[in-house]
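The letter at position 151 of the sequence shown is residue 151 when you use full-length UniProt numbering, and the numbering goes up by one with no holes.
Derived from the structure by calculation, the hints contain no laboratory data. Where a beta carbon is used, it is the ideal one built from N, C-alpha and C, also for glycine. You may find that some hints are simply not true.
Label-pair restraints from in silico Cβ distances [what the hints assert, rightly or not]:
1. 391 to 237: 31 to 41 Å
2. 80 to 9: 19 to 29 Å
3. 62 to 325: 41 to 51 Å
4. 237 to 182: 33 to 43 Å
5. 15 to 174: 35 to 45 Å
6. 170 to 237: 35 to 45 Å
7. 22 to 327: 47 to 57 Å
8. 22 to 320: 46 to 56 Å
9. 325 to 23: 30 to 40 Å
List time: in silico DSS-like cross-link candidates among lysine-lysine, alpha-carbon distance up to 27 Å [claimed, not checked]:
10. 394 to 178
11. 63 to 198
12. 63 to 98
13. 20 to 65
14. 178 to 64
15. 64 to 47
16. 64 to 248
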Amino acid sequence: MQAAQGGDSRYETITPLLNKLARFDEATHQVDPDEIAQGLSLLLNDKLTETQSSALLSLLHHKKKDRDVSVIAAAIRRIVQPKIDAARIQNIISTRGKPEGDYLGGLCELTGTGGNATPTLAALTTTASLIASSSLLVSQHGYMGANSPTADLGNDAILSNIQPTPPALSSTPENIDKVLKESNYIFLPEPSFYPTMKHANSIRQGLGIRTIFDLVSTLLHPLRGHLEARVIGVSNPDLGPAFAQALKDTAVKKALVVSGQGLIDRISPQGSTSCWMLSGGEGTVQHFNLQPSDFGLPEQPFGAVKARSSAAEEAGTLVDILQGKLEDDDPVLQIVLMHAAALLVISGICEVDSGEIGQEHVIEERGPGGQRWKEGIRRAKYSIASGGASTALKTYIRAPQDSL
1 MQAAQGGDSR YETITPLLNK LARFDEATHQ VDPDEIAQGL SLLLNDKLTE TQSSALLSLL
61 HHKKKDRDVS VIAAAIRRIV QPKIDAARIQ NIISTRGKPE GDYLGGLCEL TGTGGNATPT
121 LAALTTTASL IASSSLLVSQ HGYMGANSPT ADLGNDAILS NIQPTPPALS STPENIDKVL
181 KESNYIFLPE PSFYPTMKHA NSIRQGLGIR TIFDLVSTLL HPLRGHLEAR VIGVSNPDLG
241 PAFAQALKDT AVKKALVVSG QGLIDRISPQ GSTSCWMLSG GEGTVQHFNL QPSDFGLPEQ
301 PFGAVKARSS AAEEAGTLVD ILQGKLEDDD PVLQIVLMHA AALLVISGIC EVDSGEIGQE
361 HVIEERGPGG QRWKEGIRRA KYSIASGGAS TALKTYIRAP QDSL
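With the hints as constraints, model all of the structure from the sequences given.
Okay, here's the thing in C-alpha cells:
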C-alpha cells in the first residue's frame, strides 16, 4: 500500500487493489485474500479516506468477494483480539459450567448477520439466549448487524430498556471474569472489545448494502477460543456453506448455520429453514431442512412475529416471555422457543438417554440431522416454567460490571 497522494498524510491509498477488484473475474483475474485483508485492516485503523473505504466495501460486495471464505478468514486473522486472561476465563468456565449429555460445560452463542428481508422480533436472539442460559453458559457478542428495517433495535438498546432496572452493559476485557463468576449469561458490547470497528460501522451505515463486516463481525467473538457451540443465522442462504466452512476453519466443533424462508437470519416460523450443521469433531458439514413441525410446533405467519416499534417494546416482550406471561400458543413465544431449542440441541445437552427435568421425561425422538429438536423445546419451556429464565436475567443484572 502507498501513501495517499495530494491529500491528508494520515491516509494511505489502495488504488491498485481497487483496480484489481474492478477487473476481477474468476476466470481471468485473481486477487490475493491477504491483500484484501490488508486493505480492510487499513480501513479499521482509519488509514483510508471515506471514498476509498466505501469503494473497497462496495467492490467486495458486488464482486461477491465478501462471501469468499479465504478472504473472510484472512480478514479475521488481521483483527486484533482483545487482551483477556484466557487461563482465568477457562478456570471460571471449568468451575461454573455444568456438563450434561454431550455438553461439556463451555460457552455457547446464538446470533445472526441481520439484513433480513422480513423484519422479525429484534429481541429474539437475546431472549432465546437467556432462556438457554438457565442450563448453558451463554456469551453474546453485541456487534452491529447488517442494515435492515430493525437496525435501530440492537440487542444493546433492547437490554438497556429493560425495566425497572436494566443491566449495566459495561463488560470490558478487564472485568469480564467478574460477570462470568456470577452469571450464566453475558453480553459483550463491540465497542469495548473491538473499538476499531467504529471506523467500518460509520461507512457501513451510509452504504445501505451487505458488507464483508456483516459476516466478519458475526464470526468474531471476544471469547472465540472458549466457545463450545454456536448457532448463527444468515439472511442469504447462499452464505450458508461459506459460514459453515468459516466456522470449521476457526476450529469450532459444534455449530449450526440457519437461513429461514423469507430471507431471514432466523429459523423460519413458516415454511422451511436451510441448515448446515457441524458436529462430532469430524469436520463434516451436514445439510438439511427444518420445519416448525420438527419442533412439535405449528407454522405461524411472519406478520405474527414481526419486530416491535421500539427498543422499549422489544424489552417489554423479552421480560414477558422470560416471566411466562405469554400464552403457550403465542407465535412470538413459539419462534423464541425454537431458537432456544436449537442452541440447546447443538450444545449437546439434549443427548441424555434417560432422566427427568421437572416432571416430564426426556423426549428421545430424533428429527432432521439426527437431532432431538422436540427435547430442545421441552427444555426451553421448562426454563421458563421453572423460573430459570427469569432468574438468569435477574442474575445478569445483579452481576458486578465494574473494573475496580
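Verification of the supplied hints:
For the pair residue 391 and residue 237, the beta carbons lie near 37 Å from each other, so the given range of 31 to 41 Å is met. A hinted range of 19 to 29 Å for the beta carbons of residue 80 and residue 9 is consistent with their spacing of about 24 Å. The given range of 41 to 51 Å is respected by residue 62 and residue 325, whose C-beta atoms sit roughly 46 Å from each other. With their beta carbons about 39 Å apart, residue 237 and residue 182 fall inside the hinted range of 33 to 43 Å.
Under the hint 35 to 45 Å, the C-beta atoms of residue 15 and residue 174, about 40 Å apart, fit the expected range. A C-beta distance of roughly 37 Å is found between residue 170 and residue 237, which places it inside the suggested range of 35 to 45 Å. A C-beta distance of roughly 55 Å is found between residue 22 and residue 327, which places it inside the suggested range of 47 to 57 Å. Taken as a hint, the range 46 to 56 Å holds for the pair residue 22 and residue 320, whose Cβ atoms sit roughly 51 Å apart.
Separation of residue 325 from residue 23 is about 58 Å and departs from the stated range, judged on CB atoms against 30 to 40 Å. Annotation: proposed proximity of residue 394 to residue 178 holds, straight-line Cα distance about 16 Å (limit 27 Å). Restraint check: the Cα-Cα separation between residue 63 and residue 198 comes to about 24 Å, which is no more than 27 Å; the hinted pair holds. Distance restraint check for residue 63 and residue 98: the Cα-Cα separation of roughly 46 Å exceeds the 27 Å cut-off, and the hinted pair is therefore not satisfied.
Annotation: proposed proximity of residue 20 to residue 65 holds, straight-line Cα distance about 12 Å (limit 27 Å). About 42 Å separates the Cα atoms of residue 178 and residue 64, which puts this hinted pair outside 27 Å; it is violated. Note on residue 64 and residue 47: the hinted pairing holds, with a Cα-Cα distance of about 24 Å set against a maximum of 27 Å. At roughly 21 Å between alpha-carbon atoms, residue 64 and residue 248 fall within 27 Å of each other, so this suggested pair holds.
In the structure shown, a violation is registered for the earlier hints numbered 9, 12 and 14, in ascending order.
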